[in-house]
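Asks: Sequence:
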Amino acid sequence: MRHFAFLDPAARDALFHCPPKEISREDDRRLVATALGATLYAPGTRPKLSDDVRRQSAAGVASMVLCLEDAISDGEVAAAEANVVRALNELGEDPPSVGDSPGMIFVRVRSAEQIPALVAGLSPAAADVLAGFVLPKFVEDSGEMSMAAVLRACDDLGRQLWAMPVLESPEVINRESRLETLLGVRRLVDKHADHVLAVRLGATDLSGLYGLRRDRDLTIYDIAVVRDCIADIVNVCARGGDHVVTGPVWEYFAQPERLFVSSLRVTPFATADLADPVVQGPAMRRDLVSADLDRLIKEVVLDKANGLIGKTVIHPSHVAAVHALYVVTHEEYEDALTVADGATGGVRRSSYANKMNELRPHRLWAQAVLRRAEAFGVLKAGHTFVDVLAASQAVMA
Numbered sequence: 005m006r007h008f009a010f011l012d013p014a015a016r017d018a019l020f021h022c023p024p025k026e027i028s029r030e031d032d033r034r035l036v037a038t039a040l041g042a043t044l045y046a047p048g049t050r051p052k053l054s055d056d057v058r059r060q061s062a063a064g065v066a067s068m069v070l071c072l073e074d075a076i077s078d079g080e081v082a083a084a085e086a087n088v089v090r091a092l093n094e095l096g097e098d099p100p101s102v103g104d105s106p107g108m109i110f111v112r113v114r115s116a117e118q119i120p121a122l123v124a125g126l127s128p129a130a131a132d133v134l135a136g137f138v139l140p141k142f143v144e145d146s147g148e149m150s151m152a153a154v155l156r157a158c159d160d161l162g163r164q165l166w167a168m169p170v171l172e173s174p175e176v177i178n179r180e181s182r183l184e185t186l187l188g189v190r191r192l193v194d195k196h197a198d199h200v201l202a203v204r205l206g207a208t209d210l211s212g213l214y215g216l217r218r219d220r221d222l223t224i225y226d227i228a229v230v231r232d233c234i235a236d237i238v239n240v241c242a243r244g245g246d247h248v249v250t251g252p253v254w255e256y257f258a259q260p261e262r263l264f265v266s267s268l269r270v271t272p273f274a275t276a277d278l279a280d281p282v283v284q285g286p287a288m289r290r291d292l293v294s295a296d297l298d299r300l301i302k303e304v305v306l307d308k309a310n311g312l313i314g315k316t317v318i319h320p321s322h323v324a325a326v327h328a329l330y331v332v333t334h335e336e337y338e339d340a341l342t343v344a345d346g347a348t349g350g351v352r353r354s355s356y357a358n359k360m361n362e363l364r365p366h367r368l369w370a371q372a373v374l375r376r377a378e379a380f381g382v383l384k385a386g387h388t389f390v391d392v393l394a395a396s397q398a399v400m401a
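Per my numbering, the sequence shown starts with residue 5, numbered consecutively.
Think of the hints as simulated: they come from the structure by calculation, not from any bench.
Backbone N, C-alpha and C fix where the C-beta goes; we use that ideal spot for every residue, glycine too.
Possibly wrong hints are sitting among the right ones.
[Said to hold, decoys possible] Now the in silico label distances, taken between C-beta atoms and shown as ranges:
id, residue 1, residue 2, range
1, 356, 191, 39 to 45 Å
2, 264, 243, 33 to 39 Å
3, 12, 181, 49 to 55 Å
4, 98, 351, 53 to 59 Å
5, 231, 181, 14 to 20 Å
6, 183, 127, 31 to 37 Å
7, 120, 221, 40 to 46 Å
8, 239, 161, 32 to 38 Å
9, 265, 159, 52 to 58 Å
10, 83, 162, 25 to 31 Å
11, 162, 238, 34 to 40 Å
12, 350, 174, 43 to 49 Å
13, 115, 272, 42 to 48 Å
14, 265, 360, 46 to 52 Å
Construct the complete structure from the given sequences, taking the supplied hints into account.
Replies: Structural data, given as C-alpha cells:
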C-alpha cells in the first residue's frame, strides 16, 4: 500500500519533502503496522461489501476490517460469514488498489473456530487479498487458541497471515487482574511476534464494562478508568518499541449542537497557503468542527503523545484527518535524523534552534518517527497537516 496514492504527482511534489513509500506485507512488521493508519471497520452484512472495499481503497483507506463480531447481531452470523467469504472471493478476482497493492484487508472473527471455516471457502486469489484476522477479547489462555488457528490458516494457505489481538475484556481493565493479564498478553505476543502485527484497543467495550461512554465533546483520555488502562497497556505491551499498539475507535458523526467551544485553533487554517483554490482554510476548519472531527483530531494528537499509532474508525470521513496527522513534519524528521545518527549518545541542538535532542533517551521516539515517515511521508518545511487535509479534500470534492 502507498498512502496518498490518489494525489496527482504535482500535488505530491508540492507537499512532500519525502513522499510516502510503497509498503508491502513483507516489510518490517512495525513498519507495516505503522502504515495501517486509520483502519475502517465495515459490518460483514453489507450487501455490496466488495464494492465498498474497492471504493474506500480508491479514496485512500489502506486498511479495512470486515467485522463478524460486534458490528452484527447474533442472528446474522451465518449469513455474514457467507457474505464475507463471497466478498473476499470477488475482491480476489478484481482487487482494490492502494498504490500498487490491494491494501490490508482483515476479518474480525467472533471465535477461533470461525477461522478455518472462512479460509476453507476462499479461492487462491482471495487468499492473496486477505491480510489476516482481528482477534477479539484477547487474553493469554484463549489467545493461544486464536493464535493457533491463525498459524494453521497460514499453513493451509501457504503464506503469512497477520493477527491483530484486541484488548477489551474485563480482565484487562479491572485493576486487580490487569497487570497479570497484560503480562500474559505480552508473553503471548512476544512468542508469536512474527505473526502479531499490532495490538488494538477495544475502548468501547472497556468503557461499557463500567457503564461509561465518552461524550462527543470529550476524548477517551477524559474517561479516567479507560485512560489509566491505556497507560498500563502501553507500559506493558509497547515497552521497548517491540510492538505497535493502536489507538481506540472514534465513533461519532456530525452533530449540530455542542456544549463546549472547539479547541481547534483558527490560525493554522487562516494562514495556510493552500495551493488549491477549491479548498479554503477557514471553511475547512468550520466543516471539521461541524462534523465533530476536531475532537477526533485532538484524540489522535493525544494517541501519538501516549505512544499509540493507528486508529480504528467507523466512517470514511474520519480517514483523511487521521492520515493528515500522521504525516511527519519537516521539523520532526530533522530531529529524528539527528537522534538516529547519534550512535555515541550526547546532546545536539535541533536544526530548528528551538530544542535540544538527547540522543539516547529519544532513540525509540526517533525510530518510530522514521517509520511513520516511510509510511506517510515527510512534509516540506512550512507545511502542516492542514495542507495535507486540503489536498485530500480537493481530490474528493
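Asks: Please go over all the hints and tell whether each is borne out by the structure.
Replies: Going through the hints against the structure:
1. 356 x 191: 39 to 45 Å: Check passed, 42 Å falls within 39 to 45 Å.
2. 264 x 243: 33 to 39 Å: holds (35 Å)
3. 12 x 181: 49 to 55 Å: Once the Cβ atoms are compared, 53 Å apart, the range 49 to 55 Å for residue 181 and residue 12 holds.
4. 98 x 351: 53 to 59 Å: With a Cβ separation near 54 Å, residue 98 and residue 351 satisfy 53 to 59 Å, so the hint holds.
5. 231 x 181: 14 to 20 Å: Since the Cβ atoms of residue 231 and residue 181 sit about 18 Å apart, the hinted range of 14 to 20 Å holds.
6. 183 x 127: 31 to 37 Å: Taking Cβ atoms as reference, residue 183 and residue 127 lie about 45 Å apart, which means the hint is violated.
7. 120 x 221: 40 to 46 Å: Check passed, 44 Å falls within 40 to 46 Å.
8. 239 x 161: 32 to 38 Å: holds (35 Å)
9. 265 x 159: 52 to 58 Å: Check passed, 56 Å falls within 52 to 58 Å.
10. 83 x 162: 25 to 31 Å: holds (29 Å)
11. 162 x 238: 34 to 40 Å: The hint (34 to 40 Å, Cβ to Cβ) holds, given that residue 162 and residue 238 are roughly 35 Å apart.
12. 350 x 174: 43 to 49 Å: Given range 43 to 49 Å: holds, Cβ gap about 47 Å.
13. 115 x 272: 42 to 48 Å: Holds, since residue 115 and residue 272 (Cβ atoms, about 46 Å apart) stay within the stated range.
14. 265 x 360: 46 to 52 Å: For residue 360 against residue 265, whose Cβ atoms are near 35 Å apart, the range 46 to 52 Å is violated.
The structure fails hints 6 and 14 (numbered hints given earlier, in ascending order).
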